[in-house]
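Asks: Sequence:
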Amino acid sequence: MEKAEGGWLSYPYSDRLHTVTHHHQDPTVPRDRIRGAQERLDMFGMPVSPLRDQDV
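In case it helps, the numbering used here puts the sequence shown at residues 29 to 84.
None of these hints come from the bench; they were simulated from the model. Cβ atoms here follow ideal geometry from the backbone N, Cα and C, with glycine treated the same way. Treat the hints loosely; a few may be bogus.
The calculated label-pair distances, taken between Cβ atoms and stated as ranges, are [claimed, not checked]:
| hint | residue 1 | residue 2 | range |
| --- | --- | --- | --- |
| 1 | 78 | 49 | 43 to 49 Å |
| 2 | 75 | 42 | 40 to 46 Å |
| 3 | 41 | 65 | 35 to 41 Å |
| 4 | 80 | 56 | 21 to 27 Å |
| 5 | 53 | 81 | 30 to 36 Å |
| 6 | 37 | 66 | 28 to 34 Å |
| 7 | 44 | 79 | 34 to 40 Å |
| 8 | 55 | 83 | 18 to 24 Å |
| 9 | 74 | 45 | 41 to 47 Å |
| 10 | 55 | 80 | 21 to 27 Å |
Whenever a hint applies, use it, and build me the whole structure from the sequences.
Replies: In structure tokens form, the structure reads like this:
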């Protein structure tokens with residue numbers, strides 16, 4: 029199995045076979061309302077670079 033198939037495992041065989049014809053649901057939040065924020069966490073979930081107030 030290739031790594032790319034991992035995202036399709038929950039779909040029925042027909043959708044995995046014909047991925048070009050698969051229709052995705054509309055996103056819950058429109059893309060134009062999404063903004064990035066900078067924060068870094070270490071492998072234990074502790075902040076290495078804290079969330080900046082101006083990003084929120």
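Asks: Each of the hints needs a verdict: does it hold here or not?
Replies: Hint by hint, here is what the structure shows:
1. 78 with 49: 43 to 49 Å: Given about 45 Å between the Cβ atoms, the range holds.
2. 75 with 42: 40 to 46 Å: Check passed, 44 Å falls within 40 to 46 Å.
3. 41 with 65: 35 to 41 Å: With Cβ atoms ~39 Å apart, the hint holds.
4. 80 with 56: 21 to 27 Å: Holds, at about 25 Å.
5. 53 with 81: 30 to 36 Å: holds (33 Å)
6. 37 with 66: 28 to 34 Å: The hinted range 28 to 34 Å holds for residue 37 and residue 66, with Cβ atoms some 32 Å apart.
7. 44 with 79: 34 to 40 Å: holds (38 Å)
8. 55 with 83: 18 to 24 Å: holds (21 Å)
9. 74 with 45: 41 to 47 Å: Distance hint for residue 74, residue 45 holds at roughly 44 Å.
10. 55 with 80: 21 to 27 Å: holds (25 Å)
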